[in-house]
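Please build the complex by placing chain B on the supplied structure of chain A, with the hints as guidance.
Line by line, the protein sequences give chains A and B. Heads up: the first sequence runs through residues 1 to 74, numbered per this note's numbering. Heads up: the second sequence runs through residues 1 to 224, numbered per this note's numbering.
It is worth saying that the hints were derived from the structure and are not from the lab. These numbers come from a predicted model, not from an experiment. Every residue gets a Cβ at the ideal spot worked out from N, C-alpha and C, and that includes glycine.
Estimated spans, in silico, between C-beta atoms of each pair:
| hint | chain 1 | residue 1 | chain 2 | residue 2 | range |
| --- | --- | --- | --- | --- | --- |
| 1 | B | L65 | A | G48 | 49 to 59 Å |
| 2 | A | H9 | B | E204 | 24 to 34 Å |
| 3 | B | E73 | A | E31 | 51 to 61 Å |
| 4 | A | P49 | B | Q203 | 27 to 37 Å |
| 5 | A | G48 | B | P157 | 24 to 34 Å |
| 6 | A | G40 | B | A22 | 26 to 36 Å |
| 7 | B | W69 | A | G40 | 44 to 54 Å |
| 8 | A | A35 | B | D91 | 24 to 34 Å |
| 9 | A | D61 | B | A158 | 22 to 32 Å |
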Amino acid sequence: MSRLIRMDHTGHSTVAAWTADDPAAVDAAVEAFRAELDRGYLAMITAGPGQAEQVRELPVDADLVILRLPIAGG
Amino acid sequence: MATVGEVLPEAEALTWRPRVDAARLRQQGRLWTLSAAFHVLPFGVAAVLLMWVQPLALPVALACLAHAWVIPELYAQRGANVLRPRARADDGAEQRSVGLLGDLVDHDARELHARTGVVIEPSGLGAWIVGEAGAVLLHGRRGRAYCYCIKVDPRHPAAGELPSGDRIAHLLLALRGDEQGFATVANLSFAGARWRLRRRLRQELRPALDAAALRLDRASTATR
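Just chain A, same shape as in the assembly (with noise of 0.2 Å):
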């Protein structure tokens, strides 16, 4: 089962969840998934130890999305 989460004030929140051979499921996580970049976030995925890419679309294959805000200097 894939997740999208969203790190907030709970802690994170699991915004959508999907398997890719479920394709309303697929939708419906893809339609989170755009609200949340409306919203302002960046969606994260980790590319091996120690990386991580930033993705526009939601990759239905990875196990883990993550929802981060913008940063800034201090």
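Frame of chain A; chain B shown alone:
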């Protein structure tokens, strides 16, 4: 899958800032050393001159020397402050956020986070210590410390409510996505000797600095 590429979008927006690479870091380090010298030397010279001209001016000369000592310490304190822990969220949120952060790092980093509240991340530029609202990069053969203020963008409405683990995870993911972009977005608050920073760090954070220095030493030994 459409990936955005290697450049952090936050860094892309800062077109006026030169991208931070090893050469830029060295340049910034030299500028900080020069700036510290310009702050300290006049007071030292004044103290010597005062004593030479009039030994009765000893109290004033001592005050000059105190200034020469305190200025670099204040800068180092500003650097140490980037790793200071921030206000905590409720226990449940804290635990969940730390759980997620734990999934992103290895066992050693999890254990160190439990002791110190920060995470160590080896990288191309050196070794990072990532805190809740800032990060320290140890770079170069001598492991000069570069202290950066960087945090979740406070202009976003959800930014202020994040628990500690999430604040670190935000920075960690951005760092892993584009290290040079991360350093470009961040504001440099101090660059200087590791020992000077260590002295100003809170006691519980010092093992993290030592561990990062060890990682850097190991990495540089391996590349020799």
